[in-house]
Amino acid sequence: MQITRKSFDNTDEKYTRVIFDNGFTCYIIPKDVVSAYAAIGVHFGSCDTVCAGTNEEFPVGTAHFLEHKMFQTKKGDAFELFANLGAGANAYTANDKTVYNFTCTENFYENYGILLDMIFNAHYTKKSVEKEKGIIAQEIMMYADNPRWRCHMNMLELMYGKCALSADPCGSVEYIRTVTPELLDKCRKIAYTPDRMVACVCGCVDEVRIIEQTEKALRSVKRSKGGTFLLPNITSGPVKARYAEYGDVASPIFNMGIRLDSGKTSAEIKEFAAVEIIMNLLFGKSSDLYSELYEKGLFEAIGDGCQTERNAFYANVSGVSMAPDGFKESVCAKIKEYTEKGFEKTDFERTKKAIYGDLIFSYESPESVADSVISFHMENDDFFEYPAAIASVDKEFAENFFRERFLPENICISIIFPKEDQK
Amino acid sequence: MSFSPVPLNEGVKYTHIYTDRGKTDSLYVSFRIPLNERNLASITLVSKILLRGTKSFPNTLSICRECEDNYGAAIDIAFQKRGRELALVFMLSYMRNRFAFEGEDIAERAVKLLSEFIFAPYLKDGAFDRDYTEREKVALCAQIASLKNNKPAYAAYRAAQLMCAGEPAAVSIYNCADIVRGLTPAELTEFFENTVKNAPVDIIYAGNAGQDRILDLIKNHLPFMLRAEIKRSVIRRRTPDTVRAFTEEADASQSTLVMGFRLGGDLERKHYNDFLLFGAILSLSPVSKLFMNVREKLSLCYYCSGIPDRHNKVIYITAGIDAENSERVQKEILKQIDDIAHRRISENEYNNALSYCVSALISQSDDVSSLCSYYLSHVLRGVYSTLEEECEKLKKTSLDGAVEIAANAVLDTVYLLKGNVNANNQKEL
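So the protein lines, in turn, are chains G and Y.
So the first sequence is numbered by our numbering: it starts at 1 and just counts up by one.
So the second sequence is numbered by our numbering: it starts at 1001 and just counts up by one.
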């Protein structure tokens, strides 16, 4: 067992990280709060569809289906077990991970025991797998009816082609009908091994007790090396520039993507920090571009973000616009301007200060902290080093990255126009 | 020990909630005005215009740069419909001074900006800027129209309109596009100045500063004059004698069912905790009756949940379903309410629901802005017990009240937004 303790004086944060002998990692972050939150992330998501070496396939939708069934244990439905102890549990499947969590204000250690038990000892029957199909089919339809979601998925397909990364993580209704308990077992054996897992416990918890409890729960779990999965089969680029469809929306909605990866490796923490600063300088409410485009009526509402998942790294801006193509054109012109002129120093420094402030805000929430710790860990990074990473990005680094990656051929736009416009 | 708001002036109250937790502080200023469509349309539009500029920061750009330079201090404006009343709430949050790089006074700078929003908005010739007003009208109308993009939200809105026509529960910004289009800068300015001058004010602070320090900031930057309390009027509601059923179609693969129920009791005070417990047993707890039966046992939906509205004494149950299962789902939802009404509630269900409610309440104290919102809602209800006291009361809540609420629940309206699209439309990019 390897124990590492770190504290960060400027943000008043600290954590203990334990790597157990079988590879299971656990972060413990005590906080002076009444609640506690725990999550276990499995480094297996919807885009991990082909096992390297064996070429066994787990089509998109498998990871999500498994997530639904992991709550079935020999002791009963884990949702009920958590609820009996006053905890609210949940789970989600992303492209690159599956995360199981609970929050509570009492019986924390008992609840943590349930989480550890279900992650290694889930027990589902053929009947319960069949029953789940109706529920997941409704979930798939719910997302299919959400135009913003559709627009986002279309944007991913423009950037990365038709692949696991651009498919609905829930899979298709046709596929989920074919899922069997045997397939889920096989998937679990390969993907749910301790070396592919990371736990994060945050809140009013005792470090020593958590370490002891985790170690005890792991005693019966063998050190089996998990399988590795092939990276999603994304296109090498350039991106397809535009796709539009018609749907039941009141005004056109759009999602503009900027592909930033090299297609082979994920982003470094400093690159990620640079992109967060750049996106703020481009699309934040304090940016010139935001005010210009808003005054021109080129959008009604926008939001932006950046994401790194496996070999993909992209930024995007989405929203409502009566003229989405005009919006993209103006953004591209601004990018060209910044490429030539660079950013204003005062804007750059102010943006860094604001992002630092936002991070301090996010440290208040045990959920937000634990989820971020897991996400950063899966990218081999440390969430608590992120303020330092932001501070380390100077104007020159950001501008060089910007000139290298924010290229016209890396930009695409997905649009959904109102169906009335088609007529 | 209950808390007592400090009267700063007639109709102006201050509540100080000390907490050492967290790294930020929150200061909320709330105004109460009567709820009607014109006030709702005006307040919604004004809240957008205010964010466009103040006297010292005349545009969005300069406001946002000021906030960013003050370590991401955030000001938002929200409103809550509370029966016959509408609360306009200015919500300020800022990082505590101890995390500043160079010992700056983040708090004072943030409160100064808040003060400008309220007392010195950006005006031209004594009224809100015409261009800002017209631009925000377009944005608000687009926002109103976009409700149809979200089918579950649209279905819930339609059900409330059909069920509660003429009642406060049906007053919605989504009905107000025409009023919004007709509002002028002069009218809006007069409306806002009247609100600041005459509407009852509640100020809530949560954080680790001392009361004197915050009272000083208020004295210097938020000088509210005296004003009168508004009288609360009684809401008249329809008494359902028959169940009304409505079906509308939408371009969607999934259908959305909404069942609207009328409830009895004093849900804002006497039966406050009973209603919490009822909601948890029926639909909010992780093992609620709707979740365990309609979803888990019968696999009829992915979500089946309640939208409680205690101010208007209604609850809407909504579920995304296959239209062909509509009757089966309705029957099952009715059965679950009937089970509560007839005390067919296991000890486990009761305990789980109660601990869900208690846990949700206690954890409010972990987050400074949640704590501020919690005490604001308390003050607006006129309840002055602390979170800890409320928690003790909640722990003692028996099943009787929840059973009574279920027994008196009357189904008023069944609304189905019927999907008419095949889910498997394939596309090719």
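In case anyone wonders, no lab produced these hints; they're calculated from the structure.
Misleading hints may appear alongside valid ones.
Dumping the calculated DSSO-like pairs for lysine-lysine here, alpha-carbon to alpha-carbon at most 30 Å [what the hints assert, rightly or not]:
#1 G:Lys162 x Y:Lys1331
#2 Y:Lys1335 x G:Lys127
#3 G:Lys345 x Y:Lys1331
#4 G:Lys126 x Y:Lys1148
#5 Y:Lys1331 x Y:Lys1393
#6 G:Lys126 x Y:Lys1331
#7 Y:Lys1297 x Y:Lys1331
#8 G:Lys270 x G:Lys222
#9 G:Lys285 x Y:Lys1297
#10 G:Lys419 x Y:Lys1418
#11 Y:Lys1331 x G:Lys133
#12 Y:Lys1137 x G:Lys127
#13 Y:Lys1137 x G:Lys423
#14 Y:Lys1418 x G:Lys296
From chain G, some residues computed to sit far from chain Y (all C-beta separations above 12 Å) [claimed, not checked]:
#15 Asp21
#16 Val33
#17 Arg188
#18 Val208
Virtual Cβ for every residue (Gly too), placed ideally from N, Cα, C.
Verification of the hints:
This hinted pair does not check out: Lys162 (chain G) and Lys1331 (chain Y) have alpha carbons roughly 42 Å apart, beyond 30 Å. The straight-line distance between the Cα atoms of Lys1335 (chain Y) and Lys127 (chain G) is roughly 24 Å, inside the 30 Å bound, and the hint therefore holds. Annotation: proposed proximity of Lys345 (chain G) to Lys1331 (chain Y) is violated, straight-line Cα distance about 64 Å (limit 30 Å). Our distance criterion of 30 Å between C-alpha atoms is broken by Lys126 (chain G) and Lys1148 (chain Y), whose separation comes to about 39 Å.
Restraint check: the Cα-Cα separation between Lys1331 (chain Y) and Lys1393 (chain Y) comes to about 34 Å, which exceeds 30 Å; the hinted pair is violated. For the suggested pair Lys126 (chain G) and Lys1331 (chain Y), the alpha carbons sit about 28 Å apart, so the restraint of at most 30 Å is met. A distance of roughly 14 Å separates the Cα atoms of Lys1297 (chain Y) and Lys1331 (chain Y); the hinted pair therefore holds under the 30 Å criterion. For a cut-off of 30 Å, the pair hint linking Lys270 (chain G) to Lys222 (chain G) is broken: about 36 Å separates their Cα positions.
Under the criterion of a C-alpha separation no larger than 30 Å, the hint pairing Lys285 (chain G) with Lys1297 (chain Y) is inconsistent with the structure, at around 47 Å. At roughly 18 Å between alpha-carbon atoms, Lys419 (chain G) and Lys1418 (chain Y) fall within 30 Å of each other, so this suggested pair holds. Using a Cα cut-off of 30 Å, the hinted pair Lys1331 (chain Y) and Lys133 (chain G) holds, with the two alpha carbons roughly 22 Å apart. At most 30 Å may separate the alpha-carbon atoms for a hinted pair to count; Lys1137 (chain Y) and Lys127 (chain G) exceed this at roughly 54 Å.
Restraint check for Lys1137 (chain Y) and Lys423 (chain G): satisfied, since their Cα atoms lie roughly 27 Å apart, inside the 30 Å limit. Distance hint between Lys1418 (chain Y) and Lys296 (chain G) is unfulfilled; the C-alpha atoms sit about 38 Å from each other, more than 30 Å. For Asp21 (chain G), the requirement that its beta carbon stay farther than 12 Å from each beta carbon of chain Y is met, with the minimum near 34 Å. The non-interface label for Val33 (chain G) is inconsistent with chain Y: the shortest C-beta to C-beta separation is roughly 4 Å, within 12 Å.
With a least CB separation of 21 Å from chain Y, Arg188 (chain G) remains clear of the 12 Å interface cut-off, as annotated. Look at Val208 (chain G): its CB is around 23 Å from the nearest CB on chain Y, clear of 12 Å, so calling it non-interface holds up.
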